[in-house]
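Protein chains: 2
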Amino acid sequence: MPQTLKTLGPKAAADLDGDLMSDAGGFSIDQLMELAGLSVSQAVYNVHPPSAGNNGGDGLVAARHLYFYGYTPVVYYPKPTKKPIYDGLVKQLNNLHIRFDNETPFDKLAGESDLIVDALFGFSFQPPVREPFDQAIAVMEKGVKPVLAVDTPSSWHVEDGPQNEGLGSKYMPDYLISLTAAKPNVGHFKGKKHFIGGRFLGEDVAKKYNLNIPEYKGLDQIVEVPVDVKVEKL
Amino acid sequence: MPQTLKTLGPKAAADLDGDLMSDAGGFSIDQLMELAGLSVSQAVYNVHPPSAGNNGGDGLVAARHLYFYGYTPVVYYPKPTKKPIYDGLVKQLNNLHIRFDNETPFDKLAGESDLIVDALFGFSFQPPVREPFDQAIAVMEKGVKPVLAVDTPSSWHVEDGPQNEGLGSKYMPDYLISLTAAKPNVGHFKGKKHFIGGRFLGEDVAKKYNLNIPEYKGLDQIVEVPVDVKVEKL
Numbered sequence: 062m063p064q065t066l067k068t069l070g071p072k073a074a075a076d077l078d079g080d081l082m083s084d085a086g087g088f089s090i091d092q093l094m095e096l097a098g099l100s101v102s103q104a105v106y107n108v109h110p111p112s113a114g115n116n117g118g119d120g121l122v123a124a125r126h127l128y129f130y131g132y133t134p135v136v137y138y139p140k141p142t143k144k145p146i147y148d149g150l151v152k153q154l155n156n157l158h159i160r161f162d163n164e165t166p167f168d169k170l171a172g173e174s175d176l177i178v179d180a181l182f183g184f185s186f187q188p189p190v191r192e193p194f195d196q197a198i199a200v201m202e203k204g205v206k207p208v209l210a211v212d213t214p215s216s217w218h219v220e221d222g223p224q225n226e227g228l229g230s231k232y233m234p235d236y237l238i239s240l241t242a243a244k245p246n247v248g249h250f251k252g253k254k255h256f257i258g259g260r261f262l263g264e265d266v267a268k269k270y271n272l273n274i275p276e277y278k279g280l281d282q283i284v285e286v287p288v289d290v291k292v293e294k295l
Numbered sequence: 062m063p064q065t066l067k068t069l070g071p072k073a074a075a076d077l078d079g080d081l082m083s084d085a086g087g088f089s090i091d092q093l094m095e096l097a098g099l100s101v102s103q104a105v106y107n108v109h110p111p112s113a114g115n116n117g118g119d120g121l122v123a124a125r126h127l128y129f130y131g132y133t134p135v136v137y138y139p140k141p142t143k144k145p146i147y148d149g150l151v152k153q154l155n156n157l158h159i160r161f162d163n164e165t166p167f168d169k170l171a172g173e174s175d176l177i178v179d180a181l182f183g184f185s186f187q188p189p190v191r192e193p194f195d196q197a198i199a200v201m202e203k204g205v206k207p208v209l210a211v212d213t214p215s216s217w218h219v220e221d222g223p224q225n226e227g228l229g230s231k232y233m234p235d236y237l238i239s240l241t242a243a244k245p246n247v248g249h250f251k252g253k254k255h256f257i258g259g260r261f262l263g264e265d266v267a268k269k270y271n272l273n274i275p276e277y278k279g280l281d282q283i284v285e286v287p288v289d290v291k292v293e294k295l
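Heads up: the sequence lines are chains A and B, in that order.
Okay, so the first sequence: first residue is 62 according to my numbering, each after it adds one.
Okay, so the second sequence: first residue is 62 according to my numbering, each after it adds one.
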């Protein structure tokens, strides 16, 4: 691994996604989500070998892969995104009879689970946390069950990390997976394990964004990086 | 693994793909190709730990993953499919500076490679083999280098296997990866290893097509099945 963990701010991260999905980059949103969700599922498998989940598109893909790894994921998805790709992901899960549950109080759901995958909000989140997500943030903040946060812990500011006060200000997930590149708030992450996923980023793109490509091993779609690595904001 | 390897004929295989991509199945072609190519790349890694490749869409995805595993794939793609998803896959490879070579004689290309991934034709192939593919089939038939065939060895009939006479009649790849489900011609496969990829097929679909779902291990997207397994044509 590089000595220094370079992070991408919101503009650069959005630009990079735009490059990948541009006419020149050639990736479709379907492909990128499939790859991201696969990385998330591998991170879950790493921190919690088979026996719960929540989120956005990456999380829905991860839930599918996790099902096939032998997990029994439960999906909390109270505000479905209205786009064909999301509809498709939901159908894929329905066809596997994977349980969606937006009715059971989140603390009860969490109590029945072994691990929570937090893919509620990404790095472009703007406060405040609205209902019904406040309930979920409060439960994750309590730390009742270990949480793997996807890309950015939900409710965190992309640069400044946890909110200064109130709901979410003490939210610290146990595990984090950064997708494509770490975001600047990773400097606030004091959990147990940090992974990076994005084994499709070429040297040209890495150079353009001044990123280091981590050294993935074997067939892995994720790589673990030290939690105490020095962070460089780009 | 199941005692008997059930295989899907061309109609059922096409119907299954149609189901997966139907409004009810929810998968996009982008997702299925991503998953298929990932399986292919894992099969390559299995039979030939890092140090070459050829094909269609699944093969293009596999070439990308293989690059990231540390391989130096060379892509033979003389008749590009004119569809946006294929254009995107090619751009992804171009951005990684992966070599496309349709000019070098195929026997020379093969001579410089350690393994050939055959993803030229699928199970819907209809003879005869046209130029310039005849050259490639002839080289693979000679067995100069080991070949991993994707889903159906190119030029084989979906039921009857190798052509009765002439070009391709003696073509027997060393390795085969069946995608989603084995095709009936697998009964003619006498190579060293047979893999199945398709860890996204649910029990409902498997039941509808009367398939057994193989027992994948850990994070694997492929499973190896005995070459001498009894074959049941569905």
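Any given hint could be a false lead.
Each pair may be met inside one copy or between any two copies, as identical chains are not told apart.
Derived lysine-lysine pairs resembling DSBU-like cross-links, with alpha carbons at most 30 Å apart [said to hold, decoys possible]: (1) LYS268 x LYS152; (2) LYS278 x LYS254; (3) LYS291 x LYS144; (4) LYS152 x LYS269.
Hints are computed from structural coordinates only; laboratory data are not their basis.
The structure presented is a predicted model; accordingly, all values stated were derived computationally and were not measured.
Is it within a copy, between copies, both, or neither that the alpha carbon of LYS278 lies no farther than 30 Å from that of LYS254?
both (17 Å within a copy, 24 Å between copies)
Taking 30 Å as the upper bound on the Cα-Cα distance, should LYS291 and LYS144 be classified as within, between, both, or neither?
For LYS291 and LYS144, the Cα distance exceeds 30 Å both inside one copy (38 Å) and across copies (44 Å).
With identical chains, the pair LYS268 and LYS152 could be close in the same copy or across copies; at 30 Å between alpha carbons, which is it: within, between, both, or neither?
Between copies only: 18 Å across chains, 38 Å inside a chain, cut-off 30 Å.
From the Cα coordinates, with 30 Å as the cut-off, is the pair LYS152 and LYS269 best called within, between, both, or neither?
Only across copies: LYS152 and LYS269 sit 17 Å apart there, 37 Å inside one copy, limit 30 Å.
Hint 3 alone, counting from the list given before, is not met by this structure.
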